[in-house]
Amino acid sequence: MKNENLINGVLHIADTALILGQRNAAWCAHGPILEQDIAITNITLDLIGQARNFYQYAALLINETENKNETEDSLAFLRNERDFKNLLICELPNGDWAQTILRQFFFSSFQQLMYQEMIKSSDSQISAIAAKSIKETNYHVKWSSEWVIRLGDGSDESNQRMKNAIEYLWQYTGEFFIAAEYEFVDVAALKNEWLEKVKSIFDEATLSMPENTFMQTGGKTGVHTEHLGFILPEMQSLQRNFPGAEW
Amino acid sequence: MNIQIKKFYYGDIPEENTGGTGNTEKSSGELSWPLWEVFIRSKQGLDHKHAGSLRAADAEMAVENARDVYTRRQEGVSIWVVESKHVHASNPDDAEMFYEPASDKIYRHPTFYDLPDELKHM
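Chains as they are written, first to last, in this note's numbering: chain A, 91 to 337; chain B, 819 to 940.
Bound conformation, chain B alone:
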């Protein structure tokens, strides 16, 4: 079996490489399982956080693979998986117009208010 390993940066997954049910017939004849993104909640009350990705034939297998790969060291109490092809990411080429305009607008941070002394934990 000819397995290609290629590194993708987070948020940078090209659609033709994300597997998925509509994408099982590749020109190379290589059949591979769809790629899934895994989100783990480390404890009750916290958010699910992106843990990594893995391959699985279906959603149930993806949850179990995530359990076996990402929670072996008690990392979590809840798992979400979503097929990578359903994730839409911003384009790194747009970084300039997307993110840089915010850099000189520090007034958007709520740091210009005088807080009463009674208010704690801000």
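Okay, chain A solo, but in the shape it has when bound:
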């Protein structure tokens, strides 16, 4: 059914933004310096705002198709691990600052290309949400790129931490470009442009592109790392314990 693919495609984008937002939110009050603490939590709020827009659209589509009563909250807080379709990279632990900003750089650079495609969509909702969101993502790319350069081309310590982060995160970047059957963006076509962007920033950061090519997959179809199973109980506990609770 065509609508089911669209619903899953929208949920995939919403889940990805929500889980990365949830991860980044843990930096709140723990950032390396006050100004950057605010910067990363601003990004968190951008991502959660984007997730909300996509969840609202998904809820609309589901309710139209299946005569249900889903809301953005029920989709975020009452679905289980296997239902979540977020990219694996978003659910990985924050690690140190290098790992967090490198993940943001890998992801935001991809998300920017994805939104550029979505703006052209014939679906006016998707096009409008993407057009609104890409302004935020453009800043995330700028902010995280500069951090990659700053740490890569910084001290021996910061350079080593970037190398460790690359070693850990690279295997989760392949998933960006392996399309699930429900995806409405031709993600495979974005790969070269993404690699060029990463290479240009890595060159400036005196970092080398990794040689390893093994890539983790599964997030898009609900097969997750062990980490998501810890994120969801924490994130969902309030709505699970007090269904329908509001501020």
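Pairs of lysine-lysine, DSSO-like flavour, derived with a Cα cap of 27 Å: (1) Lys222/A <-> Lys861/B; (2) Lys867/B <-> Lys225/A; (3) Lys861/B <-> Lys225/A; (4) Lys867/B <-> Lys232/A.
These are calculated hints, taken from the structure and not from any lab test.
With chain A held as given, fit chain B onto it using these hints.
Using the frame of chain A, we list chain B on its own:
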């Protein structure tokens, strides 16, 4: 990391505390980013106004930090930053000779002219 928080009054920043590239080696061994003063223009046509200060490693980071810290609630459309060490302030001890002599010279206010009725908005 041992972070000292100390409040400075506006225009009162002692030079040894303003960070800056020539000042990164402190006796305590504490390395901290330079302090920057942030000026925000709230909308086109208005002046940039002092919004506060923050720390950043370089000018580009200072502009972005200012964006993240001071424009989250749509406060501005333009940002200036300047390293605090480049700001030279008057000395509070000079207040008496600097400012008090003006207090009995009200004729410096342009309020002693008869304005024609046709002139509005004065």
